[in-house]
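**Q** The residues making up each chain are set out below.
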Amino acid sequence: MSVLVYAESSEGKFKKVALEATSYGKKVAEQLGTNLVVLTINADETSELNTYGAEKILSVKNDALKSLDAKVIANVIKQASEKEDASVVIIDSSANGLTVAPMVAVSLNAGFASNVVAAPSSTSPFVVKRKAFSNKAFNNTEINTTVKVVGLAKNSFGLHENASSGSTEDFSPSIIESGMTSTSIDKTVGTVTIADADIVVSAGRGLKGPENWGMIEELAEVLGAATACSKPVSDMDWRPHSEHVGQTGKPVSSNLYIAIGISGAIQHLAGINSSKVKVVINTDPEAPFFKAADYGIVGDAFEVVPKLIEKLKSFKANNA
Amino acid sequence: MKVLVCISHVPDTTSKINFTDGDTKFDTNGVQFVINPYDEFALTRAMWFKEKQGASVTVVNVGNATTEPTLRKALAIGADDAIRVNTEATDGFFVAKQLAEVVKNGGYDLVLAGKESIDYNGGMVPAMLASILDFNFSNACVGLEIEGTTATISREIDGGKEILSASLPLVIGGQKGLVEEKDLRIPNMRGIMMARKKPLNVVEPVDFDGTTSSASFEKPAPKGACKMVDADNVDELISLLHNEAKVI
Ligand SMILES: Cc1cc2nc3c(=O)[nH]c(=O)nc-3n(C[C@H](O)[C@H](O)[C@H](O)COP(=O)(O)OP(=O)(O)OC[C@H]3O[C@@H](n4cnc5c(N)ncnc54)[C@H](O)[C@@H]3O)c2cc1C
Ligand SMILES: Nc1ncnc2c1ncn2[C@@H]1O[C@H](COP(=O)(O)O)[C@@H](O)[C@H]1O
Chain A
1 MSVLVYAESS EGKFKKVALE ATSYGKKVAE QLGTNLVVLT INADETSELN
51 TYGAEKILSV KNDALKSLDA KVIANVIKQA SEKEDASVVI IDSSANGLTV
101 APMVAVSLNA GFASNVVAAP SSTSPFVVKR KAFSNKAFNN TEINTTVKVV
151 GLAKNSFGLH ENASSGSTED FSPSIIESGM TSTSIDKTVG TVTIADADIV
201 VSAGRGLKGP ENWGMIEELA EVLGAATACS KPVSDMDWRP HSEHVGQTGK
251 PVSSNLYIAI GISGAIQHLA GINSSKVKVV INTDPEAPFF KAADYGIVGD
301 AFEVVPKLIE KLKSFKANNA
Chain B
1 MKVLVCISHV PDTTSKINFT DGDTKFDTNG VQFVINPYDE FALTRAMWFK
51 EKQGASVTVV NVGNATTEPT LRKALAIGAD DAIRVNTEAT DGFFVAKQLA
101 EVVKNGGYDL VLAGKESIDY NGGMVPAMLA SILDFNFSNA CVGLEIEGTT
151 ATISREIDGG KEILSASLPL VIGGQKGLVE EKDLRIPNMR GIMMARKKPL
201 NVVEPVDFDG TTSSASFEKP APKGACKMVD ADNVDELISL LHNEAKVI
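Those protein sequences? They're chains A and B, same order as listed.
Here this note's numbering is used: the first residue of the first sequence is 1, the next is one more, and so on.
Here this note's numbering is used: the first residue of the second sequence is 1, the next is one more, and so on.
The shape of chain A in the complex, shown without the other chains (with noise of 0.2 angstroms):
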């Protein structure tokens, strides 16, 4: 018996969501009294899945898995799964991982919990808590079958060290074939995602139009931060619709959230709750936003954004 967690790279490096699904896989293994094995592929170097406690590393290198479907990818977590025994599959939340976790968990016949948030609250039954109601609930699921998969939301378990001298054993699974052909990739390079950003800088219709996101995008750069609207702000093209957060568009789970002229409907926080510290700027003391806040100022953004980005700059300068 083993736990077994996918933990993804990309261009040969993990992302800290590996590295979370890596940690919450060791406290699986150690609830279960087993081992944990981590699968990668194409990554360059390991050691870093043995300090959040991998016992055993395998890794695959072939280039035909570089831009491959889903379908290929989640076979190859099968063939891992079956040949380590495992009876707990985990999967991060990143793009690839929502996709190819409920495949994986069709090929192994198992249950399937995603978005979860917690380690399980026992283990027999084996019961989680999940994401449920965008964000407004929890769902404790019980998984019922003898594999189990499960997805685990970003930014919910966190990064645990747990140094261990693990082996990496070289795996060559068999590849099947895509019935999917990549025709292009067309990545944004220098500017951190939403899916990635630990700081998430946000504004709304309050900004009054798109000429004026000059300041945001400075704010972000400061902070190292993605840049996000609100629904009409992508509505009316102010802004690309992959930066629309909220209950129908992208989920927020940052460790910062600053939202900026925006009002906070109901469909704007159920996509942002999970962000650990949210702090409001809005020229309006009633904006609703004020209720789901951690902190707030009562203010103009364009008085305020300004001189945040100004005294930001001289506490990064007195810091780094």
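Some clues are possibly wrong.
[Stated by the list, open to error] Selected chain B positions facing chain A (Cβ under 8 angstroms, derived; list incomplete):
hint	residue
1	86
2	87
3	88
4	92
5	93
6	132
7	159
8	164
9	177
10	181
11	199
12	200
13	216
14	228
Worth flagging that the hints you see were computed from the coordinates, not collected in a lab.
Just so we're clear, the structure is a prediction, and the values are computed from it rather than from any experiment.
Just so you know, even glycine gets a beta-carbon here, dropped at the ideal spot from N, CA and C.
Starting from the known structure of chain A, arrange chain B with the ligands on it as the hints suggest.
**A** For chain B with the ligands alone, coordinates are given in the frame of chain A:
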């Protein structure tokens, strides 16, 4: 081309979420149910396949009789017919199994679903369905064109977009971008009248043991009050974020 659009029946986005029976059941009292917002994009895209490429469009829901008004609404928007698999939608795997049966029996070559339902936010049904059927699959789809039996798919990936080509049959987990917000259809009077006469076929479920079950629900812990900082004193905000919240 035969298109199947999977419609999930969910509480309206403004719904207050409450539970009954010792926090084991979702309280539907006073809750208004709607077509899952992501599925609306899929449905409108399907209507374009019908109007421009002569596709037939069927909508399907796995659920009990209370979901029929939602299916009727989809018919009023323009779907040709509807299927309801008569059972409680207990978990994603179960729903995907039921939908797979519908796809096999109906010989659909394109299945459009939403990227997730806004009730349980599972994001599991479309990928599971594709897996069970061994169809091609793309999640987070923001654009779809079909020529003959070849699909060109645009999907969101972490930090960007990818264009893919795949042959039918195909399952899509879709969202805004499949069509834009302004393109979304709302039922008009004529559509509503016509929908009454369109077929809504009720089929019985196939056996499949549930792989998960819901033990209980919880609400997030109530939040403390918001700390207010004076607009002239952004230094204090920085200090709070650094020393107290420890996020910068
Ligand atoms: C089905 C459905 C799904 C939806 N999904 C989403 C979703 O996913 N995400 C989402 O965001 N919305 C969603 N919405 C829309 C949501 O209901 C709100 O309409 C929207 O969030 C409001 O955006 P806003 O706060 O930017 O604009 P507004 O509500 O117009 O608020 C602007 C705010 O800016 C403040 N302001 C004005 N001037 C200034 C200034 N100079 N400085 C500082 N503050 C200022 C105002 O006081 C106000 O609070 C959805 C709606 C529906 C019906
Ligand atoms: N009970 C259901 N009946 C029909 N389609 C469903 C059902 N549940 C989910 N779907 C489809 O699957 C998508 C993703 O749902 P979910 O996996 O529940 O997040 C939805 O947007 C629907 O298109």
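**Q** Against each hint, give a clear statement of whether it holds in the structure.
**A** These are the hints, each one checked on the structure:
1. 86: Interface hint status for residue 86 of chain B: violated (23 angstroms vs cutoff 8 angstroms).
2. 87: Constraint on residue 87 of chain B not satisfied, violated at 18 angstroms.
3. 88: 15 angstroms, violated
4. 92: 7 angstroms, holds
5. 93: 6 angstroms, holds
6. 132: 6 angstroms, holds
7. 159: This interface hint holds because 4 angstroms falls under the 8 angstroms limit.
8. 164: For residue 164 of chain B, the interface hint holds, since the closest Cβ of chain A sits about 5 angstroms away, which is under 8 angstroms.
9. 177: Holds. Min distance 6 angstroms.
10. 181: The hint holds - residue 181 of chain B has a Cβ within 8 angstroms of chain A, the shortest such distance being about 5 angstroms.
11. 199: 30 angstroms, violated
12. 200: Violated: closest Cβ of chain A sits about 27 angstroms from residue 200 of chain B, beyond 8 angstroms.
13. 216: OK, holds: residue 216 of chain B within 8 angstroms of chain A, min 5 angstroms.
14. 228: 5 angstroms, holds
In this structure, the hints that do not hold are numbers 1, 2, 3, 11 and 12, in rising order.
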